[in-house]
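Asker: The residues making up each chain are set out below.
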Amino acid sequence: MGKRVLLIEDEPNILEAISFILSRDGWTVHTHEDGETAMQKVVGFPPDMIILDVMLPGRSGFDILRDLRGTDTTKDIPVMMLTARGQEKDRELALRLGANHFMTKPFSNAEVRDNVRNLMEA
Amino acid sequence: MPVKRLTGSRIREKRLDQGLRQAAVAEAVGISPSYLNLIEHNRRRIGGKLLTNLARVLGVDPTMLTEGADSDLLDQMRSAAAALGGEAEIARTDEIAARYPGWSALIVAQARRIAALDEHILALTDRIAHDPQLANSLHEVISAVTSIRSSASILVTQEQLDADWQRRFHQNIHKDSLRLADSSEALIAYLEAPEATVEVAQSPFEQLENALALRDYFLAPLEEEPSDIAALAQELGLSGPAAQLFDVYAAQYQKDAAMLPLQAFTDACRATDYDPSQLARQFNADFPSVLRRLSSLPTGEGHPRMGLATCDVSGALTFIKPVPGFTYSRTNGACPLWPIFSALSRPTQPIRAEVSLPDASQTRFLCYAMAIPVGAHQFDVAPVLQSTMLVVADPAEGAGFAIPVGGSCRICPRSDCTSRREPAIIGVSAAPGL
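Line by line, the protein sequences give chains L and R.
Residue numbering for the first sequence follows my numbering, beginning at 1 and increasing consecutively.
Residue numbering for the second sequence follows my numbering, beginning at 1001 and increasing consecutively.
None of these hints come from the bench; they were simulated from the model.
Some hints could be false.
Unchecked claim - Computed footprint of chain L on chain R; a stretch qualifies when at least three of its residues, placed anywhere within it, have a C-beta under 8 Å from a C-beta of chain L:
id, segment
1, 1136 to 1144
2, 1147 to 1155
3, 1158 to 1169
4, 1249 to 1262
We treat Cβ as the ideally placed atom computed from N, Cα and C, and that holds for glycine.
Isolated chain L (complex conformation):
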């Protein structure tokens, strides 16, 4: 079984497309759509890596990232942030809060796959 990626994103069609690509690339992909319960999902399904959208219902991706980095069991999990807002300040905030990578929508499938590979190999 491949390494486990948790994809936290509220757009079902984006979830489906990314899940398909990463599954074909050998990853075991779990998905979650809600910001409020995202931390519970992470703790219940400790992944090897997290892809985290910024704008989520319930809680923002930045808040979840802050919690991830503040929790012993999750603080070292690589996190790649996704956002539709390509503003520099969002990128800076994500990196300051401890994100390992930041991708701006719309992105290509190859970019997602390559960045996931790079982060897992790092």
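The hints should help you fit chain R onto chain L, whose structure is shown.
Answerer: Frame of chain L; chain R shown alone:
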């Protein structure tokens, strides 16, 4: 709207320019010094032979006294030069305004327009950055585009894709394309809708102040309760944020009017020579209410000319009722020496101070100010202060020390000011405050 400087003020300006004593000039034209004093403070009309004689004694053409460039216009031209930079001949502003009054007014009008448009651009930029509706619309569009791009790419690049997956991604693309069409339309409708807002060249503060200026800051409907504030706002042509500001202004106006009824307050003003301290005691009213009430006394009834300003604790001016000669500038910042700001460091302490401006006649104004906490008191939360300042024109002759103040640093010629925060554009070499 600039107010024309009056003939009496010009006579005083010219006399002081030449270092002539009031008594000497009065004697030269055959009138008493006290009568000349009344003329100089615009309390007596002047014309005909007396004007000609005064002009002769002062060595100027009579038209210079009746039609010379008004100092408000000069201040605004200097402000325009300060705001727009460049290499304007600041030292010759007076001459340009006198020779080309039409062009000068145009410069001022254009500078105001540019300032208003700058403010509007800032508002739009802020809106783009922080407007949740716009952010959601853009998020919808970009999410749909991302989904279509990913799904389409899978269909194109995955050669071994079974029929079920193909059908699924085709359906996703179809759904997202419909969603993209809807969200794009919504976004365009949203961006095109507020055309009226784009045409507005004034900030909500300015819209409110201009509407109040048309009524001379006296609102008869608010003197009696109940009054329909929304209808009055509409009558004044205010809407949106300006109408919201008016709601707050009108509520305060009504409270002040109830505490200080017009007729009784007017009588008391005359009896106390407009002394805010005595008025506050007599009506058991708070000092800032008295200052506001004084500034809204109806014009044309012989009251002194009075302006008003309020600011918050950041120093931002939140309300301005101008008085001729005392220049306020939102764009260039105010003079930090104004009593309205020193009041912030002494909350609840009423302040009375004379100030003098750096113009040729060192025009004096009497200022009353007080800062008070506004809003509810809360434990462990610093009070929110608001400072109010009344500016009275033409204080009595021979009063004591006057604080030398300016309009804003960029157009202030004072070279010895330790409070200067930026260089002036009018050739001030020393700048100890910087």
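Asker: Counting residues of the segment 1147 to 1155 of chain R with a beta carbon closer than 8 Å to any beta carbon of chain L, are there 3 or more?
Answerer: holds (count 6)
Asker: Go check the segment 1136 to 1144 of chain R versus chain L for me, would you? Three or more residues, Cβ under 8 Å, otherwise it fails.
Answerer: holds (count 4)
Asker: Verify the coverage statement for the segment 1158 to 1169 of chain R against chain L, using a C-beta to C-beta distance below 8 Å and requiring 3 or more qualifying residues.
Answerer: holds (count 4)
Asker: Is the listed coverage of the segment 1249 to 1262 of chain R by chain L valid when you require three or more residues with a beta carbon under 8 Å from a beta carbon of that chain?
Answerer: violated (count 0)
Checked against the numbered hints listed earlier, the structure breaks hint 4 alone; every other hint is satisfied.
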